[in-house]
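As given, the protein sequences belong to chains S and G, one line each in that order.
Residue 1 is where the first sequence starts when you use this note's numbering, and the numbers rise one by one after that.
Residue 1001 is where the second sequence starts when you use this note's numbering, and the numbers rise one by one after that.
For the record, the hints were derived by calculation from the structure and aren't laboratory data.
We treat Cβ as the ideally placed atom computed from N, Cα and C, and that holds for glycine.
A hint or two may mislead.
Partial list, derived from the structure: chain S residues whose beta carbon lies under 8 Å from chain G [stated by the list, open to error]:
#1 V110
#2 Q260
#3 V301
There are 2 protein chains.
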Amino acid sequence: MTTRTDIETAHARIRTDIRRTPLLWLDPALCLKLECLQRGGTFKPRGAFNRLRSAGDLSRGVVAASGGNHGVATALAAQALGARADIFVPEISAAAKRTRILAHGANLVVGGATYFDALAASTKHAEATGAVVVHAYDQPEVLAGQGTVALEWQQDAPGLTHVLVAVGGGGLIGGMAAWYAGQGVQVIAVEPETSRALHAAMQAGRPVDVPVSGVAADSLGARSAGALMFEIARHHVAQCVLVADDAITAAQKHLWQTAQVVAEPGGAAAMAALLCGAFVPPPGARVGVLVCGANCDPGSVG
Amino acid sequence: MTTRTDIETAHARIRTDIRRTPLLWLDPALCLKLECLQRGGTFKPRGAFNRLRSAGDLSRGVVAASGGNHGVATALAAQALGARADIFVPEISAAAKRTRILAHGANLVVGGATYFDALAASTKHAEATGAVVVHAYDQPEVLAGQGTVALEWQQDAPGLTHVLVAVGGGGLIGGMAAWYAGQGVQVIAVEPETSRALHAAMQAGRPVDVPVSGVAADSLGARSAGALMFEIARHHVAQCVLVADDAITAAQKHLWQTAQVVAEPGGAAAMAALLCGAFVPPPGARVGVLVCGANCDPGSVG
């Protein structure tokens, strides 16, 4: 299981590759971490850089399957490290994300209806070429890389009592929950009602397949929770809440109108939980909300 | 002349009214201060709150004339302090800014082609009502309030050698230059080629009228530099540079594409100076760029 030491090691490894994203306090009890300002537009480069810098030899290239954001991050990291990247994306991936993948010099392969179709194609590619695989969420180096969000946040805002984090496949919350385990900070998972892989896993006692749809599907629409993250989440995620699509859209507007922050639907889901009452902070809580991505048309939030 | 003590006093007075805006380091030698995430969408509430909190009795109301952003800020500050606000805006003011003024419960008076027409009308209103006037830039409390941007920045990024600041009437750079005076930090003024009030004042040795136009006119289009700021600027602004409208638009796109930051044209002007080469940092420089506003349609930056 991912440890705090793994995450400290990851942070030392990638700290010059990534941005230490800033905090924005909206009031003394509400702290946003603006991971939407990260290189590549989301938290994902943390895991990708940690995986690639750990892998050593990248001469056979790099491969990833991704609904979009992980593909952008892997392309960016591979380009920075001078490696070839092949990125497999499903047909539902957003145009803005495909454009960013191509802008980082990667080879883009569009095929299949879902993330899992793209994953199968990427696995074949890896077997044929020996390319280094960067999984979107279910890989130890990826979990440790994403966990560096929590390391920075605890250093910069040591007094938080709760942090709200959106969940797709769970690499981000898995890494963050591993960091915050035993630290007196409750990690709250937020999923769209229509993409509830972690909810379903918690109910079943193991990752199970769920249908995915909705406004955040292109970033949070994982068909199942990761096996590695689930072992962390079952012990160290305090609560799982669901938000409706209209709450996500309202949160995007709210972030723009009150803080001039642009977030894509998946990036606004955690804020949505607070605004719509899916999560109600107890008296005295000091709440952190992770705004985890902004790979979207900026005009979509106004 | 505005002193560091005035600015420290202002900061103590307004610190719970405003956000301490975060820094985003794009590389080890380039630090953005994201004042575009301030309440009201720009730096302007700093000055407005400092003026209103200094004024004492607000029972006769508050009045301001503003191309938009200062009006938003004054409306916001008056609402927060429970005072009536009348905001006089010229016809060129942007729709997004008018909407925000109204959202803060102010009475909006649209009239006249330019800021100075609105100013004249607001002065009549103040004489008739005894309302507290908040000037957009040429008032000691406003200068000291805007100077708190520099106080925070020096505390949070003590090693900067240069800071680039956009100039309209000059309240912001006046306050900031007063703070940085004698601190070993060069303050660089950035104006649009088509709204060059400070340039003209520097050449003439006193504030003089200039024509104003261009993409940033609704925020930077002051017809002359403030008298108070000019006495500071002539001693403590190291360099004045000009940027073309297309450089400003390119800087807006760059801020979005590389950092997912939305800036209005005036808010992106300082970044434009760096990107287009109007300001070239000397070797070893550690440059700060102030992104000072985001009251715009977010779709305008994509």
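Each hint tested on the structure:
At its closest, the beta carbon of S:V110 sits 22 Å from a beta carbon of chain G; the interface hint therefore is violated under the 8 Å criterion. Checking S:Q260 against chain G: minimum C-beta separation of about 4 Å stays under 8 Å; hint holds. A hinted interface residue such as S:V301 counts as satisfied when its beta carbon comes closer than 8 Å to some beta carbon of chain G; here the least separation is about 6 Å, so the hint holds.
Hint violations for this structure: number 1 only, all remaining hints satisfied.
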